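Chains as they are written, first to last, in my numbering: chain A, 14 to 287; chain B, 14 to 287; chain C, 14 to 287; chain D, 14 to 287; chain E, 14 to 287; chain F, 14 to 287.
Keep in mind that the hints were calculated from the coordinates and are not lab data.
This structure is a prediction, so every number in the text was calculated from the model and none was measured.
Treat the hints with care, since some could be wrong.
[To be verified] Taking lysine to aspartate or glutamate pairs in the EDC-like style, the calculated list, with each CA pair at most 16 Å apart, reads: (1) C:Lys67 with D:Glu236; (2) A:Lys19 with C:Glu236; (3) E:Lys18 with F:Glu238; (4) D:Lys18 with C:Glu266; (5) E:Lys19 with F:Glu238; (6) C:Lys19 with F:Glu238.
[As the list claims (entries may be wrong)] Interface residues of chain A toward chain C, partial, derived using beta-carbon atoms under 7 Å: (7) Pro30; (8) Ile114; (9) Gly116.
[Stated by the list, open to error] Covered stretches of chain B, as calculated for chain C (at least 3 residues, CB under 8 Å): (10) 24–33; (11) 273–280.
From the three backbone atoms N, C-alpha and C, an ideal C-beta is built for every residue, glycine too.
6 protein chains.
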Amino acid sequence: MFFHKKELQYHAKPDAPDPVFAKKLQEVLGGQYGEMSIFLQYLFQGWNTRGNEKYKDLLLDIGTEEIGHVEMLATMIARLLEGAPVYEQEKAASDPVIGAILGGMNPQHAIVTGLGAAPKDSMGFPWNGNYIIASGNLLADFRANLNAESQGRLQVARLYSLTDDKGVKDMLSFLIARDTMHQNQWIASIRDLESKEGVIVPSTVPPEWEATEFSHTLYNNSEGEESSQLPWVGQTAPDGHQFKYEQPKAFGERPILKPAPPQAHDSLPGEDKK
Amino acid sequence: MFFHKKELQYHAKPDAPDPVFAKKLQEVLGGQYGEMSIFLQYLFQGWNTRGNEKYKDLLLDIGTEEIGHVEMLATMIARLLEGAPVYEQEKAASDPVIGAILGGMNPQHAIVTGLGAAPKDSMGFPWNGNYIIASGNLLADFRANLNAESQGRLQVARLYSLTDDKGVKDMLSFLIARDTMHQNQWIASIRDLESKEGVIVPSTVPPEWEATEFSHTLYNNSEGEESSQLPWVGQTAPDGHQFKYEQPKAFGERPILKPAPPQAHDSLPGEDKK
Amino acid sequence: MFFHKKELQYHAKPDAPDPVFAKKLQEVLGGQYGEMSIFLQYLFQGWNTRGNEKYKDLLLDIGTEEIGHVEMLATMIARLLEGAPVYEQEKAASDPVIGAILGGMNPQHAIVTGLGAAPKDSMGFPWNGNYIIASGNLLADFRANLNAESQGRLQVARLYSLTDDKGVKDMLSFLIARDTMHQNQWIASIRDLESKEGVIVPSTVPPEWEATEFSHTLYNNSEGEESSQLPWVGQTAPDGHQFKYEQPKAFGERPILKPAPPQAHDSLPGEDKK
Amino acid sequence: MFFHKKELQYHAKPDAPDPVFAKKLQEVLGGQYGEMSIFLQYLFQGWNTRGNEKYKDLLLDIGTEEIGHVEMLATMIARLLEGAPVYEQEKAASDPVIGAILGGMNPQHAIVTGLGAAPKDSMGFPWNGNYIIASGNLLADFRANLNAESQGRLQVARLYSLTDDKGVKDMLSFLIARDTMHQNQWIASIRDLESKEGVIVPSTVPPEWEATEFSHTLYNNSEGEESSQLPWVGQTAPDGHQFKYEQPKAFGERPILKPAPPQAHDSLPGEDKK
Amino acid sequence: MFFHKKELQYHAKPDAPDPVFAKKLQEVLGGQYGEMSIFLQYLFQGWNTRGNEKYKDLLLDIGTEEIGHVEMLATMIARLLEGAPVYEQEKAASDPVIGAILGGMNPQHAIVTGLGAAPKDSMGFPWNGNYIIASGNLLADFRANLNAESQGRLQVARLYSLTDDKGVKDMLSFLIARDTMHQNQWIASIRDLESKEGVIVPSTVPPEWEATEFSHTLYNNSEGEESSQLPWVGQTAPDGHQFKYEQPKAFGERPILKPAPPQAHDSLPGEDKK
Amino acid sequence: MFFHKKELQYHAKPDAPDPVFAKKLQEVLGGQYGEMSIFLQYLFQGWNTRGNEKYKDLLLDIGTEEIGHVEMLATMIARLLEGAPVYEQEKAASDPVIGAILGGMNPQHAIVTGLGAAPKDSMGFPWNGNYIIASGNLLADFRANLNAESQGRLQVARLYSLTDDKGVKDMLSFLIARDTMHQNQWIASIRDLESKEGVIVPSTVPPEWEATEFSHTLYNNSEGEESSQLPWVGQTAPDGHQFKYEQPKAFGERPILKPAPPQAHDSLPGEDKK
């Protein structure tokens with residue numbers, strides 16, 4: 014179960030209103046790699062963990078912390094929207110700067126949320142449950158988490174260049190730091206699990222389930238052999254076998270499907286029509 | 014530009030029809046981590062790559078190969094659907110096995126596609142562009158790719174236990190092998206980039222953008238200290254600094270928002286109402 | 014079955030073109046609480062009503078009226094888009110006002126609909142069936158309807174401040190009035206049903222299905238006791254019992270999940286890995 | 014910021030595995046009116062509240078409590094999935110009961126989550142941010158909340174009849190009770206606000222914005238006058254005016270749109286073509 | 014504006030309950046090519062039509078008729094769900110037939126709609142506004158309409174084989190007939206417009222906008238020349254020019270993108286890293 | 014299986030950066046009728062074709078070619094985004110032109126993709142699998158294809174007017190030409206199939222499945238008889254029968270639904286409540 018404390022984990026106070034930046038900031042709140050994805054991915058992974066109580070605790074630690082990041086972003090967005098002439102149509106007509114604000118902001122911040130944040134990205138697309146994964150396999154999921162923290166820190170770094178507001182930058186510097194921690198943490202956790210299970214997920218596939226002659230070959234399906242010059246090609250692969258580089262080949266046959274039964278009302282085979 | 018060869022990359026022929034398994038197999042064709050995600054993620058990453066022509070070539074090699082995996086799965090699904098008594102309602106009434114097939118299969122395979130595959134997952138949810146990422150940062154994206162190949166191989170391994178059909182298992186064994194290769198390849202590529210850029214994405218954030226005092230601390234937001242016993246806690250973090258473990262603390266203030274302007278028609282502040 | 018009359022229920026004629034406002038107006042046509050939600054929610058509720066022929070008739074009365082509101086909004090949007098220099102790129106280069114229009118409008122109004130309305134919201138997100146509810150329980154659904162009319166009138170009121178166009182304001186004043194009626198009507202209908210069924214939905218849950226010791230307690234899960242000072246805390250609840258205020262407590266146990274079977278290829282329990 | 018305690022708010026332990034019921038239970042976790050909708054709606058409303066600190070605290074109290082309900086449901090689903098012969102295809106062939114389980118369960122519970130819960134509904138549709146509203150107007154939003162708790166309790170009551178498992182029923186009885194509390198609480202809060210603001214949302218619309226001659230009329234757009242016999246028709250409306258009942262009439266004109274400019278490449282007007 | 018008449022356009026009465034068929038029938042109510050798509054596509058096209066008042070009237074005639082088809086389907090679904098032992102879990106345990114019904118039906122019909130229809134397809138995916146098009150170009154849109162009526166009639170014909178219920182088949186025979194009419198009507202309308210505008214949409218593109226040397230060539234991008242044997246290859250194309258058949262060729266260059274600016278935090282070009 | 018060649022099918026090089034046009038161009042890459050819809054629709058239709066090997070080859074020819082169109086658009090978008098002052102906030106403050114660019118562009122091009130294309134439309138809505146159809150009936154699907162090429166060419170023609178960039182216009186002129194070819198080709202293919210099967214899809218419905226008395230009547234559901242003056246009304250329909258024009262009539266009864274069982278917790282019938 015959960016508890017809430019009114020104070021924010023970190024400051025979330027802009028120096029000045031900026032409705033256009035409020036729209037952009039929605040990306041890291043409710044976008045594909047926003048904080049909603051982060052906290053819900055960690056909580057679902059934690060709730061679904063079987064055994065591994067230490068990692069379950071880790072997931073619940075961080076997942077719970079990250080709800081507070083959504084809170085900070087929601088607060089920042091609400092403040093970026095307050096004090097701007099958002100509804101002042103008459104001023105907008107005579108003042109092109111106000112006109113530009115009214116044109117460049119997210120209209121839902123004016124019409125739907127009444128100057129508040131929404132669980133959506135910077136283009137108004139709502140957050141959805143297919144952004145996250147809790148697969149039951151911790152090594153697979155920690156790789157998902159490392160990716161999420163990498164994309165997240167990248168997006169925050171780009172937002173940092175899109176504003177001059179010192180208060181906003183202060184909050185972003187905190188998010189950048191936490192994403193550094195979380196990248197460090199998932200790398201360390203991945204190394205821990207890989208040292209026990211090996212690097213290929215899932216580690217439990219019996220060899221007879223795998224057509225191992227295809228497990229280490231890079232096929233050159235795009236004309237030109239630049240990829241063959243990558244430093245690891247021809248070297249030992251992370252799982253201990255040897256990487257190969259080959260031209261692609263068809264191992265299967267040309268697929269000819271049987272006609273459908275009449276009740277499918279598919280097209281009849283061409284031959285029958287003549 | 015692209016070219017097609019009619020032969021399949023590998024065999025895709027079931028021993029017998031099985032409409033219920035056809036429904037399940039849709040997951041690795043059009044689900045969150047299905048082959049559509051894989052091929053489109055690699056192609057978009059390849060098309061968006063700036064410089065790094067070797068990695069661009071690698072992405073286009075593998076992205077192009079993977080279109081052929083969608084082709085194999087679509088062919089397999091079409092064959093699992095053919096020859097089964099899918100439309101024979103009268104037989105179903107008297108034969109509970111046929112009844113179970115009609116009940117357990119995806120009705121859209123009968124009604125919408127006429128015994129063909131669809132770009133959807135095993136629950137009928139359509140593939141969508143928010144499943145993939147092409148961020149312009151290769152290290153971030155290769156982590157996304159490693160995750161995708163890990164989740165993908167995990168799902169194929171689970172499907173392997175859900176069928177007894179030797180033809181289906183043969184095709185799955187090929188997919189398992191290719192996912193092994195692709196995990197190997199992304200691990201190798203990640204190590205290559207990390208050796209040049211460092212492990213934290215993006216590597217280009219100036220130190221003054223980051224509140225570094227928060228970059229290495231694990232906060233215990235979930236009661237109980239199991240996570241503190243993880244082997245890497247208290248050790249050197251992957252980026253060379255020291256991991257810390259602390260109780261969470263509020264560094265920010267309680268957020269009090271200003272009232273909205275009258276045109277927002279928000280609720281008036283409570284005080285004003287009394 | 015349905016019939017159509019060419020005349021609009023009310024005027025829908027702007028004084029002047031305004032493609033940027035056309036974009037905003039899409040919100041109350043095809044947004045979460047737009048008129049499409051309203052009319053389809055009422056029609057589905059009406060079609061699903063069992064018994065209660067008077068309320069079924071009411072739902073079909075209003076649902077049918079509201080199709081005409083979508084018609085008015087679609088007409089208004091088409092007119093706000095006509096006569097503006099939407100496609101005149103050359104003028105835009107030299108005239109910043111035209112440039113701002115081309116930048117601030119919804120590009121799909123130019124590219125996809127050819128100056129017409131679309132079943133989408135102000136950010137281009139399509140209307141979808143999960144916006145509405147027809148649950149079979151009228152009291153529950155009338156509460157959904159009262160909410161929809163409240164959010165809808167709120168959004169129209171906000172749009173009223175975002176334009177100076179007298180023709181647009183005239184149409185909005187009609188929509189505001191109809192939303193007043195519909196709020197009135199659902200409040201009256203709710204009072205009618207509550208007087209017969211009681212206030213808790215559904216009224217038909219037997220007492221032994223409910224852990225009634227938890228049915229009237231407000232738990233203070235967010236630090237600070239401001240909520241305890243709300244006027245109704247400690248008073249008689251609407252269902253006749255007494256409201257209580259308590260600190261939250263865990264009534265359940267710490268959840269420990271069993272390991273998954275090997276075919277799940279989940280991570281193995283931590284102990285087994287050492 | 015947030016904190017987590019490992020113990021569940023209430024018991025979540027089924028007597029026996031039941032993968033088919035696990036699929037159904039997803040509805041109240043990740044469906045339109047599931048607990049994810051509830052907790053995120055309350056948190057966003059709380060974060061966006063301006064002034065009204067008591068109600069802000071109430072929203073954060075309940076929103077935080079409800080995260081724990083998602084946790085209980087996720088735990089219950091994980092347990093309903095464990096111990097069942099989910100992956101045992103060979104047994105399924107010979108045992109029709111196992112076959113029915115494999116056919117009737119959600120295949121993603123086997124393939125994607127490895128016997129864990131997902132942020133989706135009972136038909137596999139992911140939770141999304143358009144399920145919720147935080148409008149900035151508390152009276153509007155409390156009506157949304159009352160609706161959500163009404164639909165939620167209705168769905169839990171229906172699920173109660175769909176299982177015989179005593180452990181599941183015990184948990185459902187707790188959820189039913191909490192939904193009783195929350196309906197009581199929102200009714201009390203709505204009465205409080207209505208007593209201060211009046212019943213029509215938003216209360217701040219100036220009379221000259223409203224075409225008041227249309228604010229109290231029920232139009233008979235569906236043939237037959239059953240709705241005219243509703244007890245409140247012809248009575249005083251909740252806002253103090255008189256309800257009227259009338260036959261519908263067109264107050265607007267037939268809409269004739271102007272031709273689009275040539276760059277729209279719309280169809281030319283019919284006359285020009287002849 | 015719109016009016017409603019209580020009688021259905023045609024009978025919608027099944028001989029017996031069938032919750033599993035109710036699930037399937039949702040496809041033609043709320044699926045990609047269900048009646049919701051049809052009626053909303055025609056209404057939006059009608060509302061957006063500029064000039065061409067006869068076709069505008071046609072679109073509004075048929076769009077209005079089709080709302081009544083949704084009404085018939087909703088009624089049929091509600092009746093297929095009534096009288097079946099949907100909630101009788103105890104009977105299900107001992108009676109495998111009831112068990113199969115509870116397993117094969119759409120759980121939302123039991124939990125969410127209380128035995129009513131929903132605006133969703135047979136897999137529970139909600140109808141959405143991106144299913145339809147109203148482009149402003151009538152010839153383009155009539156082709157969309159002809160496709161929709163073709164897919165729709167195909168799906169109804171397939172459903173016809175999936176039931177033995179005479180009442181259901183009676184209603185389907187009416188829908189099949191109306192779809193025949195609507196295919197006839199759109200073919201006739203398309204021929205009318207093509208005779209005036211020519212066959213290529215839009216007819217208004219000036220020749221200098223088109224690289225006409227590529228306007229009549231079929232490229233053989235899939236190995237094998239079966240397509241060259243189609244009867245129309247080498248003949249006169251519908252627009253009066255000659256079809257050609259050629260091997261594909263790259264007319265463009267290899268795309269080399271410039272590096273991104275540092276603020277993008279993209280990967281640095283490979284050369285710079287060494 | 015598939016192969017890739019680095020050279021583009023046609024040039025994709027703008028004369029100058031234009032981030033605002035990059036946003037618009039996304040429509041024909043990842044929108045409802047963008048090139049992703051085209052190529053995936055053709056490939057799925059090709060993979061699902063049973064018999065008709067010539068048309069299967071045609072679908073795979075064109076589907077494969079069209080992947081290259083996505084490639085050209087992705088390249089063009091990446092180039093329209095490079096070299097513009099996308100991240101230069103400080104310049105934007107003092108330079109209104111830069112400010113307008115930052116306000117009018119798609120923020121995800123700056124934040125998410127790092128100056129690359131995304132599989133989304135011009136309003137940021139992701140491409141999804143419900144945009145396409147592969148029904149198994151070729152005549153139905155070729156009508157879908159003709160529609161898609163018509164809408165596609167229409168959108169490209171509109172985009173042509175929205176830019177002055179000669180490099181962009183050059184690429185658009187190629188896409189216009191290819192869409193001309195593909196319209197020609199589907200018209201020819203449709204004529205071929207119609208000559209063999211007849212014009213009504215599916216051609217295989219037995220007459221006794223159809224209530225033929227309703228198969229040729231246009232009902233006047235929208236007041237006014239403009240539609241009766243269309244040239245084909247009263248003439249012979251494309252399938253050889255006679256078109257009729259009639260006033261609409263209810264052939265069905267008023268639907269009265271039975272009460273739900275108590276476990277549905279629907280509202281009780283009105284009579285019982287009094």
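Among the hints numbered above, which are violated by the structure, and what are their numbers in rising order? 3, 5, 7, 8 and 10
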